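So the sequence shown is numbered by the numbering used here: it starts at 60 and just counts up by one.
Hints were generated in silico from the structure; no laboratory data involved. Since we're looking at a predicted model, the values are computed, not measured. It is possible that part of the hints are untrue.
What follows is a list of derived Cβ distance ranges for each label pair [to be verified]:
no., residue 1, residue 2, range
1, Ser137, Ala160, 30 to 36 Å
2, Asp161, Glu100, 29 to 35 Å
3, Lys173, Asp76, 17 to 23 Å
4, Glu104, Gly83, 17 to 23 Å
5, Arg170, Asp76, 14 to 20 Å
6, Arg112, Val158, 26 to 32 Å
7, Glu70, Arg170, 15 to 21 Å
8, Lys173, Glu80, 33 to 39 Å
9, Glu70, Val164, 25 to 31 Å
10, Leu71, Ser137, 17 to 23 Å
11, Gly78, Val172, 17 to 23 Å
12, Glu166, Glu88, 29 to 35 Å
Glycine included, each C-beta is placed from N, C-alpha and C at the ideal position.
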Amino acid sequence: MSTRERLPRGELNGFLDQGSELHGELRFEQTFRVEGRFVGEVVSEGDLMVAERGEVEGELRVGGLLVAGTVRGQVVASRRVEVGPGGRLLAEVETPCLVVADGAVLEGPCRMVKGE
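Work out the full structure: start from the sequences and follow the hints.
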């Protein structure tokens, strides 16, 4: 199943295309998809999707995170983190719900907390 088929239910309102690289702070509502590379801070109550070729490095505070590519750093997700097959989550993780598929990589400390 591709990440497009697992798209969170919110409307996609942002996109970083393959071949693009952005450094800085990212804030969005609903759903943002990364197919390129982002380095910095992500703050949103919405859902961040990191596609198969996408890379995100930094501090993430999001509602939900779907990883099919690579994420490095610190992750705080208020609802859910899902690492799909082939996804790589190399980070400190804090979330009430963590799903790691067969073939995914999770490396780093994980703290399971009560949901909001």
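Results of checking the hints against the structure:
For serine 137 paired with alanine 160, a C-beta distance near 21 Å fails the hint of 30 to 36 Å. The hint said 29 to 35 Å for the Cβ distance between aspartate 161 and glutamate 100, and at roughly 31 Å that hint holds. Checked against the given bound of 17 to 23 Å, the beta carbons of lysine 173 and aspartate 76, roughly 37 Å apart, lie outside it. Range check, glutamate 104 to glycine 83: Cβ separation about 19 Å, and the 17 to 23 Å hint holds.
At roughly 33 Å, the beta carbons of arginine 170 and aspartate 76 sit outside the given window of 14 to 20 Å. Distance hint check: the CB atoms of arginine 112 and valine 158 are about 21 Å apart, inconsistent with the given range 26 to 32 Å. One distance hint, 15 to 21 Å for the beta-carbon pair glutamate 70 and arginine 170, is violated here, with the actual separation near 30 Å. Hint check: lysine 173 to glutamate 80, Cβ distance near 36 Å, so the stated range 33 to 39 Å holds.
For glutamate 70 paired with valine 164, a C-beta distance near 30 Å keeps the hint of 25 to 31 Å intact. The hinted range of 17 to 23 Å is satisfied by leucine 71 and serine 137, whose Cβ atoms lie roughly 20 Å apart. The hinted range of 17 to 23 Å is not satisfied by glycine 78 and valine 172, whose Cβ atoms lie roughly 36 Å apart. Remark: the range hint 29 to 35 Å for glutamate 166 to glutamate 88 is upheld by a beta-carbon distance near 30 Å.
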